[in-house]
Amino acid sequence: MPVRIVENKENKTVTAFLSGEIDHHGAKKMREEIDRAIDENLPSLLVLDFGEVSFMDSSGIGLVMGRYKKMRDLDGRVFVQNPSMHIKKVMRLAGLDKLAGIGDSSRKGVQP
Amino acid sequence: MKVLNEMKITFPSKSVNEGYARLAVAAFASQLDPPVDELADVKTAVSEAVTNCIVHAYPDKVGKIEICARIFENGEFYVKVKDYGCGIEDVKKAMEPLFTTCKNGERAGLGFAVMESFMDKLSVRSKVGRGTCVVMRKKFSQRG
Chain A
0 MPVRIVENKE
10 NKTVTAFLSG
20 EIDHHGAKKM
30 REEIDRAIDE
40 NLPSLLVLDF
50 GEVSFMDSSG
60 IGLVMGRYKK
70 MRDLDGRVFV
80 QNPSMHIKKV
90 MRLAGLDKLA
100 GIGDSSRKGV
110 QP
Chain B
0 MKVLNEMKIT
10 FPSKSVNEGY
20 ARLAVAAFAS
30 QLDPPVDELA
40 DVKTAVSEAV
50 TNCIVHAYPD
60 KVGKIEICAR
70 IFENGEFYVK
80 VKDYGCGIED
90 VKKAMEPLFT
100 TCKNGERAGL
110 GFAVMESFMD
120 KLSVRSKVGR
130 GTCVVMRKKF
140 SQRG
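Protein chains in written order, with numbering that gives the first Met the number 0: chain A, 0 to 111; chain B, 0 to 143.
Worth flagging that the hints you see were computed from the coordinates, not collected in a lab. What you are looking at is a predicted structure, and each value in this text was computed from that prediction instead of being measured. A couple of the hints might just be wrong.
No more than 30 Å apart at the CA atoms, straight line, and that leaves these computed lysine-lysine pairs for DSSO-like [stated by the list, open to error]:
#1 B:K79 to A:K27
#2 A:K27 to A:K69
#3 B:K13 to A:K28
#4 A:K68 to B:K91
#5 A:K68 to B:K13
#6 B:K138 to A:K27
#7 A:K88 to B:K1
#8 A:K27 to A:K68
#9 A:K88 to B:K79
#10 B:K60 to A:K87
#11 B:K138 to A:K69
#12 B:K1 to A:K87
#13 A:K87 to B:K91
#14 B:K60 to A:K88
#15 B:K138 to B:K63
Could you put the whole structure together from the sequences, leaning on the hints where they help?
What follows is the structure in structure tokens.
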């Protein structure tokens, strides 16, 4: 499974644990699953965890930006969690660090 | 400059081949013993170039994508990604960061920006109706 969704109704948070390689081929299925969880839960915070993502090209930027727009429409936020150095580099190139919070969770799976 | 080694692959523009293409090129480039992060740069740049062929060069059909990679005597790594698709009318405009013809908002318009930033040199030649050829070069830093 490229995406594992954890919903926390109390905190109004959806966490999507992404894994594997994010490219144009795989991104569509990932964003469909994340969007389904957003539509069902209407969270105020969406956490995208990149801890298990081994590769990402600019398709991952499209994925984060698309979710950022969706969450903005809900007056919500996006937090990008546990990206590798390489993924951070791709995200910085796109200026994603200005749109979404980026950081590490102190423990895997702990929400900010 | 003398070519020390060369590889060529040809495959159809199916999105499932994006992973194959970047891994094949990275495996070939590994002969130069590049640092891990610089090899990731090459994988990302190739992934962008191949995705452009699949999404833009052949929007409504499956066409041929050719990759040729070379290792030069001076340690420079060269990779060419070529298609015979629709071509780009205005290459300069297509290369502007965030420019995209994609309507659904899920493509960031950063393909060429990634290639330019992650590789040392990028050149793009294109003819409408004939296809596009992207050439990228990178010299890996020596591991101390």
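Exercise for the section: Hint by hint, work out which the structure violates, then give me just those numbers in ascending order. Expected result: 6, 7, 10, 11, 12 and 14
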